[in-house]
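Heads up: the protein sequence lines correspond to chains A and B, in order.
Counting from 24, one number per residue, gives the positions in the first sequence under the numbering used here.
Counting from 1049, one number per residue, gives the positions in the second sequence under the numbering used here.
Among the hints, a few may not be true.
[Claimed, not checked] Chain A side only, calculated, beta carbon under 10 Å to chain B, not exhaustive:
(1) M98
(2) E106
(3) F130
(4) T133
(5) L148
Keep in mind the hints are simulated off the structure, nothing from the lab.
All C-beta atoms in this analysis are idealised placements derived from N, C-alpha and C, irrespective of residue type, glycine included.
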Amino acid sequence: MSTIPGVGIGLGVAQGPVARMSDPLPAPENTPSTLSVDAETARVREAVHAVARELEERGAQAGGNAQDVLEAQAMMAEDPSLETEVDTRLGAGATAEWAVYDAFASFRDTLTAVGGYLGERAADLDDVAQRVIARLRGVPAPGVPEPGHPFVLVATDLAPADTALLDLTQVLALITSEGGPTSHTAILAREKGIVAIVGAADAASLADGTTVIVDAAAGVVLAAPDEDELQRARNRADARANAASAPITAGALADGTAVPLLANLGKPEGAAEAVELGAEGVGLFRTEFLFLSSTRAPTVPQQRESYRQLLEAFRGKKVVVRALDAGADKPLAFLNDAHEENPALGLRGLRALRAAEDILREQLTALAEADADVRASGEAADLWVMAPMVSTVEETTYFVTLAREYGIKTAGVMVEVPSSALLADRVLKEADFASIGTNDLTQYTLAADRLLGSVASFQDPWHPAVLSLIRTTGKAGAELGKPVGICGEAAADPLLAVVLVGLGATSLSMAPSALADVRATLLEYTLDDARRIAEAALAANDAASARTAAREAAAAQN
Amino acid sequence: MALATRTVRIGSSHGLHARPAKLFAQAAKDAGVPVTIAKDAGAPVNAASILGVISLGIDHGDYVTLTVDGGAAEDILDRLADLLATDHDAE
Chain A
24 MSTIPGVGIG
34 LGVAQGPVAR
44 MSDPLPAPEN
54 TPSTLSVDAE
64 TARVREAVHA
74 VARELEERGA
84 QAGGNAQDVL
94 EAQAMMAEDP
104 SLETEVDTRL
114 GAGATAEWAV
124 YDAFASFRDT
134 LTAVGGYLGE
144 RAADLDDVAQ
154 RVIARLRGVP
164 APGVPEPGHP
174 FVLVATDLAP
184 ADTALLDLTQ
194 VLALITSEGG
204 PTSHTAILAR
214 EKGIVAIVGA
224 ADAASLADGT
234 TVIVDAAAGV
244 VLAAPDEDEL
254 QRARNRADAR
264 ANAASAPITA
274 GALADGTAVP
284 LLANLGKPEG
294 AAEAVELGAE
304 GVGLFRTEFL
314 FLSSTRAPTV
324 PQQRESYRQL
334 LEAFRGKKVV
344 VRALDAGADK
354 PLAFLNDAHE
364 ENPALGLRGL
374 RALRAAEDIL
384 REQLTALAEA
394 DADVRASGEA
404 ADLWVMAPMV
414 STVEETTYFV
424 TLAREYGIKT
434 AGVMVEVPSS
444 ALLADRVLKE
454 ADFASIGTND
464 LTQYTLAADR
474 LLGSVASFQD
484 PWHPAVLSLI
494 RTTGKAGAEL
504 GKPVGICGEA
514 AADPLLAVVL
524 VGLGATSLSM
534 APSALADVRA
544 TLLEYTLDDA
554 RRIAEAALAA
564 NDAASARTAA
574 REAAAAQN
Chain B
1049 MALATRTVRI
1059 GSSHGLHARP
1069 AKLFAQAAKD
1079 AGVPVTIAKD
1089 AGAPVNAASI
1099 LGVISLGIDH
1109 GDYVTLTVDG
1119 GAAEDILDRL
1129 ADLLATDHDA
1139 E
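Next up, chain A with everything else stripped away, as it sits in the complex (with noise of 0.2 Å):
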């Protein structure tokens, strides 16, 4: 048996042979060809074919986004500039396997040359060459293994393209060797409920068909477990099985300190399936779905009409309406449509409404109609709207101003700008309350866009100097008895969660996915625990000892 660390997603344990992503294949040999030009060709070209039209079909098959990306590369296969490349070296006497590798490797390097977006495009190319490669060599194309049987699937790292394709009924377990909590491979595990580890770097070593227990909980991947420790597995996850359709409870400390649990949701659909996992109310309705998928703003009553669905859903109970979040990594065309270098510290946010006023003036008044809509046929929700990336006390007073003048009775910011964070006790003078977002937060605090691969080891919410701009605006909310929940990943990780209560938060927003295991937790610490394990995940000097100071803060607290 033997033991490999990573950082695991929720609390779940799961075990199953291992089935790994295949790995790229070894780079072709620049040897002369012994067949003939013609012959070489004719490889080529039946290769291409064969890959473009099995691309094609995985598209068909995945529909959406993943579509798109798919046909795009199956164009890409059968590419008339590259096939003049390849023809050129195939002309020269090369065999078609180097011709494939070199012309490809050449276009490569100048997408990568230009960088940002086009730079991101060269891994299509890649994966493109690999399934040509490995089509002339008669070998399986490098991806998601289809063992035919349910497997825990051991990768480096998984590609929204590659997730797509996954069939999840087949998935105990995923373990990837890179990324962070806030990858994609997290988040999906994350919104499926399935167990996870990431950033287990020792997994490469993993071998097919070795049985291993995923162990989410322990943060660690214990491979050629033995029977005892199967069984022991086994008994956790039915446990946890139990648990989870156990009866729901409010949300609460070992002590009985309420932390009511929220859900967050992008559309009012989601709603039912909220109330169901035991969502408390709605810690962050996001309204871009409105927005995203038209070229203008969308009128008044249709916006009614959707925010009124979702207060009905909640009769009785909180529901923090975010105003509309566009720019950075959402970008509408309708209201900020200048190039900026740096999207992220640009027009967005309540920056970009500000900048366009009538539509935040349009949000507000379909918001109090719907509100006033609801109670018109009974009990009303308890609306609470909230601002986007707000910088500054003046941005602040501008938005719980505007707010007041449509009536919406409780207005408040999100605080994912250190300088709110910092400045928390006169913001929180000026509003009703304040919802933190960890993801933007942690993004700023480390000067680390959450959009780049290249720096996503920065965007990590255990990082003690997020957990301190955390402090600071709960002991601010503490002071002038004004409510500070989170919103975002953060707590959504359970030990993390009771870190932020710690911390000062009051109520928790999550993926509704995560309400039982969060729930869960929080009931084995009294309010004095969970205070003791946050000063010790902040008394510490980077993310992952963060993480681990409060597991043993933890362990010694049970």
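Mind docking chain B on chain A? Use the hints.
Leaving out everything else, chain B in the frame of chain A:
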């Protein structure tokens, strides 16, 4: 049967990358006659080559020049120009 050219402003908010590039290269290929695309005064590339189109690094608001050699050149230009002026990222 002659060379026909037209200059078009790019409408897609993310420029001629990814999906819009795919749609455009596909349409150029379907035209069945040679079509080239050039950014500003740059060298023209085969418009049916998605890699060629992508590597031009065309952004929103850039001007490109299309050249169609033969066939119903004006009709083909109409179709392709329309495709380039539309904002496909907003669909």
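Using the nearest Cβ pair, does A:T133 come within less than 10 Å of chain B? holds (5 Å)
Under 10 Å, Cβ to Cβ, is where A:E106 needs to be relative to chain B, so tell me if that hint holds or is violated. holds (9 Å)
Let's test the interface hint: is any C-beta of chain B closer than 10 Å to that of A:M98? Holds - the Cβ of A:M98 comes within 10 Å of chain B, reaching about 4 Å at its closest.
Would the hint on A:F130 be counted as holding, given a Cβ-Cβ threshold of 10 Å to chain B? Hint holds; A:F130 Cβ to chain B Cβ min 5 Å, cut 10 Å.
With a cut-off of 10 Å on the beta carbons, see whether A:L148 makes it to chain B. holds (8 Å)
In this structure, every one of the numbered hints holds.
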